[in-house]
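J.: Sequence:
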Amino acid sequence: MTSDVKSRSFVSARMVAERAGVSRSAVSRTFTDGASVSEETRRKVLDAAGALGYHVNHLARGLRERSNIVCLVVADMTTPIRAGMVDVLTRELQAAGKITMVINTKADTESVSKALRQTLNYRADATVVLSGTPPASLIETCLANGQQVVLINRDDQLVGSHNMSVDNATAGREAFFLLRRAGCQRLGLVTSTAGTASLVERERVFVEAARADGLDVAVFETGPTGYGSGFEAGRRAFGRSNSPDGVFCVTDLLALGFMDAAIHEFGLRIPDDLCVVGFDDIEQASWKSYRLTTFSQPLNAMADQVVDLLLDPESAGSERILFQPIPRWRKSVRPGPI
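Counting from 148, one number per residue, gives the positions in the sequence shown under this note's numbering.
Source of the hints: derived by calculation from the structure; they are not laboratory data.
A quick note: this is a predicted structure, and the numbers were derived from the prediction, not measured.
No false leads were mixed into what you were given.
Computed Cβ-Cβ distance ranges for the label pairs, DEER-style:
hint, residue 1, residue 2, range
1, S170, T288, 38 to 44 Å
2, E287, R416, 52 to 58 Å
3, R467, R264, 24 to 30 Å
4, D451, A198, 36 to 42 Å
5, D459, G330, 46 to 52 Å
6, V347, W434, 26 to 32 Å
7, D234, A182, 32 to 38 Å
8, S170, Q241, 30 to 36 Å
9, A182, G370, 53 to 59 Å
10, D234, D459, 19 to 25 Å
11, D194, W434, 50 to 56 Å
C-beta: ideal position from N, C-alpha, C; glycine also.
Can you build the whole structure from these sequences, using the hints too?
T.: Written out as structure tokens, the structure is:
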């Protein structure tokens with residue numbers, strides 16, 4: 148093993164300068180965009196850097212200038228909708244020249260607060276909060292330290308931060324309309340114990356729309372936002388008299404579990420005996436076993452907006468940017484009365 152290879156783990160700019168026969172400032176200029184350096188010097192430096200395995204330490208540079216790092220604070224990253232959002236956001240941010248750092252955390256306040264403090268330690272230029280409930284005071288601290296902060300699907304609106312959300316109220320109203328148009332009379336709603344702003348808003352508007360039409364809604368809340376909770380909700384819904392014939396599940400994962408319980412535990416036919424509407428339009432919703440009617444979150448449009456906001460720091464404000472959910476009509480809801 149050569150001495151060059153052995154030293155790659157701790158190659159410095161000084162070592163590159165010595166090998167290339169140039170000054171350390173020439174090495175710095177070579178790796179600084181827009182800096183003046185002759186082509187001959189640049190070639191010597193790049194040849195030496197390649198031979199030694201030298202890479203610029205952008206984190207160290209961030210101590211003196213903008214780090215170009217965007218942190219994504221994410222909880223429940225294994226869920227399909229969250230994974231899809233992280234996938235789209237990281238690709239779009241990287242295409243815009245940003246360095247993305249994903250901080251995988253729990254959704255509770257303490258865990259998300261710890262994650263936000265990490266973004267300050269790394270001197271991130273911006274933080275995108277995809278989930279959880281960090282306290283307003285900590286977000287204000289991030290803003291005071293020069294960070295841009297993007298809040299997605301949060302109910303608080305802090306001056307200086309960017310606020311984005313899907314129009315959950317529209318989804319709640321449209322879900323009610325779809326079920327009533329199908330002739331459903333006994334309505335149900337399946338939610339989780341997560342209590343996030345998005346889930347609460349979908350439930351609230353759906354229940355209000357039903358009550359305005361003179362109908363009560365049976366609400367089933369059995370656990371975290373996942374397939375298992377939806378399945379348990381189905382067992383409870385159909386293990387009693389006066390079970391629902393039309394149900395809005397506030398996420399697709401809940402809907403898939405609920406449908407499987409209805410079909411495999413109670414022998415119901417969808418949509419003949421039961422109509423189901425979901426929300427998120429995860430990949431599994433389109434599978435032939437489910438063909439779930441749902442609402443899609445416009446992830447690409449939201450990612451584009453995040454990039455635009457981060458490239459235009461002066462655009463921050465307290466007004467929330469709302470994205471309309473996109474209806475995905477499939478086979479879990481009848482097209483009209485039977």
